[in-house]
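> Listed below are the residues making up each chain.
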Amino acid sequence: MKASRRDVLIGGASVAAGGYFSIGARAQNVPASRTLNVVKSTDLRVFDPVWTTANITADHGAMIYDTLFGLDENYQAKGQMVGRWDVSEDKKTYTFELRDGLGWHDGSPVTAADCVASIRRWGEVDAGGQLVMSRAQDISKKDDKTFEVKLKEPFGALIDVLAKLSTPCLFVMREKDAKRPGTEQVSDNIGSGPFIFNKALAKPGVSFTYDRNPNYVPRNEPPSGMAGGKAVKVDRIVWQYIADSQTGMAALQAGEIDYLERLPMDLLPVLEADPNIKVDILDKGGDDAYIRVNFLHKPFNNVKARQALLYLVDQEGFMRAAFADPRYYKPVKSLFGNNNPISNDESTGWYKPGGDLEKARQLFKDSGYAGEPVVILQPTNSPWQDNASQYLASILRKAGVNAQLAPSDWGGVVTRRANKQPIAEGGWSMFISLDSDYSHGEPLTTSFLLANGEKAWYGWPQDDQYEALRSKYADAASLDERKALARQMQARWWDFVGAVNIGTRQSPVAYRKNISGFIHIPEVIPMWNVKKG
Amino acid sequence: MLNYLIRRLMSTALVMLLVGLFVFLLLRMSPGDPAAIIAGDTATPEVIAGIRSKLGLNDPLVVQFMRWGWNIVNLELGNSIFSEQPVLTLLGQRLQPTISLSALTLILSISTGVIYGVLAARRPEGLVDKSLTLFSALGFSIPVFVAGYFLVYWFAIGLKWFPVQGYTPIEQDPVRWITQLILPTITLSLSYIALIARITKSSMLEVMSDDYIRTAVAKGVPERTILFTHALKNAGVPVLTVIGLGIAYLISGVVITETVYNIPGIGRLIVDAINNRDYPIIEGVLMLCSGAYVLINLLIDLSYSLIDPRIRY
Amino acid sequence: MASSNGLSELGPQEPGLKFIGWKVALRNPKLVIGTLLLVALIALAVFAPLIAGDPLALDPFRRLQKPSSELLLGADHLGRDVFARTVFGGRVSLLVGLASAGCAIIFGLIIGILAGYSHRVDAIVMRLMDGVMSLPTILLAIAMVAISGGGIGILVIAIMIPQIPSVARLVRSVVLSTKQLPFVEAAVCAGARTPRILLRHILPSTVAPLIVQSAYVCANAILTEAGLSFLGAGVPPEIPSWGNMISASRIYLPVAPWSVFAPGIALAAMVLAVNLLGDGIRIAVDPKSRRR
Chain Y
1 MKASRRDVLI GGASVAAGGY FSIGARAQNV PASRTLNVVK STDLRVFDPV
51 WTTANITADH GAMIYDTLFG LDENYQAKGQ MVGRWDVSED KKTYTFELRD
101 GLGWHDGSPV TAADCVASIR RWGEVDAGGQ LVMSRAQDIS KKDDKTFEVK
151 LKEPFGALID VLAKLSTPCL FVMREKDAKR PGTEQVSDNI GSGPFIFNKA
201 LAKPGVSFTY DRNPNYVPRN EPPSGMAGGK AVKVDRIVWQ YIADSQTGMA
251 ALQAGEIDYL ERLPMDLLPV LEADPNIKVD ILDKGGDDAY IRVNFLHKPF
301 NNVKARQALL YLVDQEGFMR AAFADPRYYK PVKSLFGNNN PISNDESTGW
351 YKPGGDLEKA RQLFKDSGYA GEPVVILQPT NSPWQDNASQ YLASILRKAG
401 VNAQLAPSDW GGVVTRRANK QPIAEGGWSM FISLDSDYSH GEPLTTSFLL
451 ANGEKAWYGW PQDDQYEALR SKYADAASLD ERKALARQMQ ARWWDFVGAV
501 NIGTRQSPVA YRKNISGFIH IPEVIPMWNV KKG
Chain V
1 MLNYLIRRLM STALVMLLVG LFVFLLLRMS PGDPAAIIAG DTATPEVIAG
51 IRSKLGLNDP LVVQFMRWGW NIVNLELGNS IFSEQPVLTL LGQRLQPTIS
101 LSALTLILSI STGVIYGVLA ARRPEGLVDK SLTLFSALGF SIPVFVAGYF
151 LVYWFAIGLK WFPVQGYTPI EQDPVRWITQ LILPTITLSL SYIALIARIT
201 KSSMLEVMSD DYIRTAVAKG VPERTILFTH ALKNAGVPVL TVIGLGIAYL
251 ISGVVITETV YNIPGIGRLI VDAINNRDYP IIEGVLMLCS GAYVLINLLI
301 DLSYSLIDPR IRY
Chain F
1 MASSNGLSEL GPQEPGLKFI GWKVALRNPK LVIGTLLLVA LIALAVFAPL
51 IAGDPLALDP FRRLQKPSSE LLLGADHLGR DVFARTVFGG RVSLLVGLAS
101 AGCAIIFGLI IGILAGYSHR VDAIVMRLMD GVMSLPTILL AIAMVAISGG
151 GIGILVIAIM IPQIPSVARL VRSVVLSTKQ LPFVEAAVCA GARTPRILLR
201 HILPSTVAPL IVQSAYVCAN AILTEAGLSF LGAGVPPEIP SWGNMISASR
251 IYLPVAPWSV FAPGIALAAM VLAVNLLGDG IRIAVDPKSR RR
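Heads up: the protein sequence lines correspond to chains Y, V and F, in order.
Under full-length UniProt numbering, the letters of the first sequence match residues 1 to 533, in that order.
Under full-length UniProt numbering, the letters of the second sequence match residues 1 to 313, in that order.
Under full-length UniProt numbering, the letters of the third sequence match residues 1 to 292, in that order.
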């Protein structure tokens, strides 16, 4: 954190909030011209954005909850609920003061106690939150509007972590909700955000309705990412769930819905040719797709076999099989994604368009691979992962590997991948998934980037040297220092091969041309500032 | 008769209980951990373990079974693991679309199918009969979703006669209700019409050559009366059976049709619940489905004796 | 159950299975066409490796390529040869369809006849059948595939089980009607033993409706497999089956219709063959329909 930020008074809301009153009798009928019908990428199944890492729930959280800080478009942390903040000379005590006008949807005011409880709960489950808790000596409220974080030692990244966009984000909840353990769901849906969750119209699996919060006081700054004023420009937003992407597309073309996520990529030209529809990319950074391999068992417990995979991969082939439209994908060579400050080109000599089949074959041989089965978890209800898995199996077979696909639905995959046993006992060898490109620029909090063995994410990569570099990174004071460390970490990673990149894709959304004002940031899709007509 | 009815009703309850027990065991044995699905892709294993224990999924099977049984005894179906809403509430929200779609499909396919079958039986190898052979081959062989997409592209996007998708409750806007349901109903009816028409035809052919029909023809009874009164009545038993059997078949079709047309019915509720491993919803909905099915078939069994007095209970 | 009902004008008309000779076949074009079509489809499936290339070879760079002399029916979304997959796909679809239908008919027939004939068996077995049948096929299949980790054998069992009650109930309803008929009662009076009555007098009368039903069961099994693939729990996506080919390609219908039409037409031809065969056999064995 730059010193210049100290004692900066960040313009809070100047408008004093009127008295809150209970918003019980809300109009159930809102004119169509003031209602936005959106179709989200998936079904909102869980309401608590701290309980789950699912992005859809983070979107829901961004509607009804507010955050202490928000990252702006340039990934700079700015105060959101926090009006002003201060750090002591020894950089060990941070004091935060809430801005005026914050109130819960149930009518009560937001207090410092709510914030303290929310940080603690988030600190139980989120990797970034756990980092904060491990560095903190105490987090306590000073008065109704002020709370402080006392650290054991200086922690330069504190504000950045509090503002992090990767899920679960630090959404602030009422103290009584936040007192529940992080492993138990909060489903009252009472936040202090710009939208109010309409309980009466909630139909799980069908649609959810959010009404404009008439008492929300936005900040004065223009909106920028999760920072700035969250001014709501429609009266109601209805989230529908349409299971079939082609049906969703047809509904958009017919004008039955205003906005659609998860487009069928092969049919994009149809949407692009439609004069009433705009195809847009809200997250320019996109998502980095990768192959995780199981470090615990043959053959990928051998570094040579993992290197073989690295050389075998043809990112272009994977992207074409999985994401179809070349305009929306590109290779990713850096461990830290394509668009982050610490993205770099260290040790990326392995990258070769088309892959290097001969070298991969040789490395598999050197690893002592002798035809053991390699099991690829294949989620059949996620088309891109399904297709990429089949492609992976085909290139592995070309390299002489006994690749077997294990098809199941996504629920089966997430269960089986937790199994640390050998393949004969229900274990696995590899699976394919993706994270936002943005999150791969956060080595402290992104589970993909851990290499601490059994405590790491699925695949359980282990490399002590890399981990030593990563813990140094946490204390790095400047961006240049972080960049230098990132290069070293990347050199190490591509040497022991913790996981293998298969490319970056952007996922376009489409909306009717009379809709505008979308906020372009990774991970979360905010709906304030969006207007119709 | 009354005795029979009571016995059947009691056995219905037994069937539902058996189904519930079966589904309970099946689900607990199947891989798929709701906690891992809840926590999301990037959650750490510790968090998932924490969620699992809070949900009570780590408890011994016996304990979970007792909990489930206690709910059943109290006529409760529990709450969704995910949305934490009562299963009955969720079910209530989804009942109308499914019943609407199924009822319209039954009406369309029984009326069309029976008439088609009778007309085909009137002149075997005639034009109607041949068209039925072709129609039933197509009706059976085109999967519901392919037919669905075809109809959507043709009638909703191309000709813009009908909405593409969605459902409007009948009390909100009956006109929109019916226009939104027309394409799904046709989609779902295609194979069902083919089935009923075929069965009607073959059963009619069985009885058409019987002596009493010949007698009726000889007596000069009008053809329409012979076909739709004398013959159809006697051909009724197999037709009714197939309609009864078709109810379960209909449920499978409903699942897919609801997905294609984005109709928020029971079918979608079950599929989503299976994908999420939301046990209470799966158990509750299936028990009710099976109960409804058994009851419908009880009604059909009873109506056998109405149609064919030779069958008595 | 009433034992006598004065419908004696219905004279004994004991239908029986007769040898299907050439003469009959020639007068029965449905039987001939159905058989030939089915034989052709089976031959295509059996000799697939001689006819077509590798159905698994994928090449993302020829994704959704149009039909050409090299790729007779174009490529699918993973650049696989649609012609090869269609030819090989017949193996799975035929296996699933015929195996499910065969097993369902055998079990259904046994259960149905016993239930229709014996009141005691009826009470127990038909309630059990109700239970099985009241479970939507799709869920049962998804659950079974999930538990066992997939595979075509499990799929056949999962698709077959829900078909049994449908056959059983149909057979039972025919038996219920038939056993009231005078010729059966005559046989009982004449002192025929139960197995003989079942085999000689009741079984034949179930044949006609059963053949119609078996065509339906076979078609339904193939379509169920397609529906399961639509929901992601069918034949593993890598293995070509007409059902999962249509399911996987359905979203490319506007841009790559061949990838849907090829397996779709094959599927329609298969069901048509089964239907014609069913009709043909019915005409051949049923004296009532032959009389006209």
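These are computed hints drawn from the structure, not numbers from a lab.
Any given hint could be a false lead.
Lysine-lysine pairs mimicking PhoX-like chemistry, simulated, CA-CA at most 20 Å apart [unchecked claim]:
hint : chain 1 : residue 1 : chain 2 : residue 2
1    : F       : Lys179    : V       : Lys130
2    : Y       : Lys298    : Y       : Lys284
3    : Y       : Lys141    : Y       : Lys91
4    : V       : Lys130    : Y       : Lys179
5    : Y       : Lys352    : Y       : Lys330
6    : V       : Lys233    : Y       : Lys176
7    : Y       : Lys233    : Y       : Lys472
8    : V       : Lys233    : F       : Lys30
9    : Y       : Lys141    : Y       : Lys199
10   : Y       : Lys152    : Y       : Lys176
11   : Y       : Lys359    : Y       : Lys398
12   : Y       : Lys92     : Y       : Lys176
> Each hint should be assessed against the structure and marked as holding or not.
Hints, one by one, checked against the model:
1. Distance hint between Lys179/F and Lys130/V is unfulfilled; the C-alpha atoms sit about 33 Å from each other, more than 20 Å.
2. Only pairs whose Cα atoms come within 20 Å are accepted, and Lys298/Y paired with Lys284/Y is rejected, the gap being roughly 38 Å.
3. The suggested pairing of Lys141/Y with Lys91/Y holds, with an alpha-carbon distance near 18 Å, which does not exceed 20 Å.
4. For the hint linking Lys130/V to Lys179/Y, the alpha-carbon distance of about 72 Å lies beyond 20 Å, and the restraint is violated.
5. Straight-line distance between C-alpha atoms of Lys352/Y and Lys330/Y comes to about 13 Å, which keeps the hinted pair within the 20 Å bound.
6. Pair hint Lys233/V plus Lys176/Y does not hold up; C-alpha atoms about 68 Å apart against a cutoff of 20 Å.
7. Between Lys233/Y and Lys472/Y the alpha-carbon distance is near 45 Å, which puts this suggested pair outside the 20 Å criterion.
8. For the hint linking Lys233/V to Lys30/F, the alpha-carbon distance of about 28 Å lies beyond 20 Å, and the restraint is violated.
9. At roughly 31 Å between alpha-carbon atoms, Lys141/Y and Lys199/Y are farther apart than 20 Å, so this suggested pair is violated.
10. Taking the CA atoms of Lys152/Y and Lys176/Y, the gap is near 28 Å; set against the 20 Å cutoff, the hint is violated.
11. For the hint linking Lys359/Y to Lys398/Y, the alpha-carbon distance of about 12 Å falls within 20 Å, and the restraint holds.
12. Using a Cα cut-off of 20 Å, the hinted pair Lys92/Y and Lys176/Y is violated, with the two alpha carbons roughly 28 Å apart.
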